[in-house]
Amino acid sequence: MTDDATLAYYEREAPFYRVSSSQAPSRHLAPFLAMLEPRSSILELGCGGGRDAAHMIECGFLVDATDGTAAMVKKANERHGVNARQMRFDELSATHAYDAVWAHASLLHLPRADLPPVLLAIRRALKPGGWHFANFKLGDAEHPDEGRDLLGRWTNLPSPEWLEQSYQAAGFSIDSIERYRGNGSDGTQRDWLALTVRAL
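What the sequence shown shows, in the working numbering, is residues 1405 to 1604, in sequence order.
It is worth saying that the hints were derived from the structure and are not from the lab.
None of the values given here were measured: they were computed from a predicted structure.
If a hint is listed, it holds; no wrong ones were tucked in.
Straight-line distance between alpha carbons at most 25 Å, and here's what the computed SDA-like set of lysine to any residue pairs gives:
1) LYS1478 / GLU1495
2) LYS1531 / GLN1572
3) LYS1531 / CYS1463
4) LYS1478 / SER1589
5) LYS1531 / THR1600
6) LYS1478 / ASP1408
7) LYS1478 / LEU1466
8) LYS1478 / GLU1417
9) LYS1478 / SER1445
10) LYS1478 / GLU1415
11) LYS1531 / ARG1443
12) LYS1478 / MET1491
13) LYS1478 / ARG1416
14) LYS1531 / GLY1575
15) LYS1531 / ILE1581
16) LYS1531 / ASP1518
17) LYS1531 / ILE1578
18) LYS1478 / LEU1555
19) LYS1531 / ILE1461
20) LYS1531 / GLU1568
21) LYS1531 / SER1445
22) LYS1531 / GLY1464
23) LYS1478 / ALA1498
24) LYS1531 / HIS1432
25) LYS1478 / ARG1492
26) LYS1531 / SER1577
27) LYS1531 / GLN1569
All chains should be built: construct the whole structure from the sequences, respecting the hints.
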């Protein structure tokens, strides 16, 4: 992520990050891992407290867990020992290095104008035919202030159509889409969109 207020929120809140968010893996993770070959290499963008990275490692995958904030990296390593490292989304520069990229509830913090180049970087970081998962809170906010949640974090709030077009323009084919209702960390209920895509 690149939004200073969002980065500051996670730096500040990481020591108090609730235990539940660092224990149970995302419900989308198991079906995503089922598509991968054993010992596939997975880049996680926005590992947070390390819950999903720990599960992937337990399942035998080779995981490069990253987060944009030093405090979250420290939390993930203290709690789960996942060898996480600090990296913002716009710092991704790998080429054909990963079989998959997992980004649960993380890319939604990018300003919308910054998402397309990050999607291109994810496409470049994947091996041909590599898989990518991400989920987003939906909306159609155009004014910058409308992207702030109740905790002050930036949320890009794209439309489903805009997301699909952006992924296709970045060189992905869309394998599956799930629209569902969910609560954010700020308690606000919204429609979400989960996408599983493949690098062309």
